[in-house]
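Going letter by letter, the sequence shown gives residues 1 to 384 in our numbering.
Everything labelled a hint here was simulated from the structure, so no lab data went into it. Since this is a predicted model, take the numbers as computed values, not measurements. Misleading hints may appear alongside valid ones.
[Claimed, not checked] With beta-carbon atoms standing in for the labels, derived distance ranges: (1) D296 <-> D207: 48 to 58 Å; (2) S214 <-> N349: 15 to 25 Å; (3) G213 <-> G173: 16 to 26 Å; (4) N205 <-> S119: 47 to 57 Å; (5) L338 <-> G213: 46 to 56 Å; (6) H62 <-> D163: 49 to 59 Å; (7) G264 <-> I31: 51 to 61 Å; (8) S119 <-> A216: 29 to 39 Å.
[Said to hold, decoys possible] Computed cross-link-like contacts, SDA-like style, restricted to lysine to any residue with a CA-CA straight-line distance of at most 20 Å: (9) K46 <-> R294; (10) K185 <-> R131; (11) K185 <-> E199; (12) K46 <-> D64; (13) K166 <-> R131; (14) K46 <-> R71; (15) K46 <-> F295; (16) K185 <-> A210; (17) K185 <-> A204.
Positions of the beta carbon are idealized from the N, C-alpha and C atoms, including for glycine.
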Amino acid sequence: MRAGFTAAALVLVLAAAACDEPARQTGGREILIVGVAGGAEQGVTKSVETGVDMAVGEYNSHPDSTYQVRRQTFDTGGTAEGSAAAGQAILSTERLIGILGPHGVEEVMAIGGGMSDNSIPMLIPAVSDVRLGQQGWRSFRRLVATDFGEGEALGLEAAARGDRAKVALFHDGSPATAVLLEGAKSALDTQQVPIARFEEFGGANPDFAALAGSMAADQPAVVIYAGPAARAGTFLAALRAGGFQGSFLASHDARGEGFREAAGEAAEGTITACVCADPGDRQLQAFAERYRGRFDTSLPVFAVEAYEGAFMVLEAIQEVEARPRAITDFFGVATEFLGESKVYRYAENGELQTPPIWLYRFRGENWQAIGRSRTPEDEGGSVR
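All chains should be built: construct the whole structure from the sequences, respecting the hints.
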């Protein structure tokens with residue numbers, strides 16, 4: 001097993017765990033379950049399953065492990081209704097110690113209250129919607145940044161790339177993209193970067209050419225757009241045709257289908273982001289090699305977050321006892337965890353504090369990883 005909860009957290013919980021030692025020993029080596037909840041047709045479900053399987057396999061093979069654990073998947077069908085039904089199955093499963101997922105926001109919303117009411121740890125590896133952290137769920141932990149956090153990262157990148165000159169912000173009107181731009185605005189305000197425009201620009205047939213023309217007087221050094229891939233590409237093409245020569249940053253949506261086709265040659269140099277760890281990150285090289293050795297394939301996105309989330313649960317049962325409520329209580333005290341991809345620091349509502357974002361640049365015909373996002377402490381002049 002690898003490093004886990006930080007020493008500062010363990011000092012606080014080991015004294016309490018010692019009081020529970022007799023009760024823990026009487027349980028013996030049981031078969032416990034780490035659950036994965038997700039739709040069979042959701043691509044991320046397989047990645048999460050393999051990440052959990054890696055963690056469980058390493059835990060079970062370690063000589064100091066108290067229990068034997070197995071993974072079970074609860075199929076949500078990828079819908080809120082299916083998730084609610086899966087939630088009932090989860091609640092009736094004996095010896096369940098925690099779940100990873102579901103992987104869609106409405107699925108999570110459908111079962112989050114029930115998991116919290118029953119103190120079942122629910123770790124979310126692939127949903128960035130800010131609403132999850134606003135529900136008051138006691139047993140919730142997110143494993144990636146929020147949409148707001150992605151926006152903050154893009155804002156810091158814009159401040160550096162534009163040398164703190166004016167930035168224009170646009171989104172397509174959806175709640176998620178609006179939140180993302182609020183994050184970008186927050187970061188720019190903190191960096192004292194002037195904001196030329198902050199606007200919603202959506203509708204059925206937005207006139208991007210007219211918008212690009214109207215920006216001539218603003219002369220921003222950087223434009224950030226949050227919205228669907230094809231629209232981001234169309235907007236960028238219109239900006240370049242209108243004479244904009246600054247940097248263009250887009251939300252993670254730009255990596256979807258349609259961006260390159262709509263942007264044409266203007267796509268070159270675009271910066272976008274992802275809340276998930278980049279599988280090619282140098283810091284993940286050793287983990288990626290272990291993953292390939294286990295599954296004979298390259299590391300997919302979200303697998304490392306699932307691995308880390310599963311290990312949070314597994315190391316918790318070593319420190320307290322293999323009951324969901326005990327694990328949830330432990331999480332309330334052990335708020336830091338050293339993972340493979342990052343250090344997890346948790347707020348009381350289960351949200352990550354200052355997690356990294358991974359950035360990508362469009363070059364040639366592909367998106368290429370360029371590293372982790374900047375922090376407010378980074379020097380803005382270092383352009384990658």
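Are any of the numbered hints broken by this structure? If so, which, sorted upward?
2, 8, 12, 13, 16, 17
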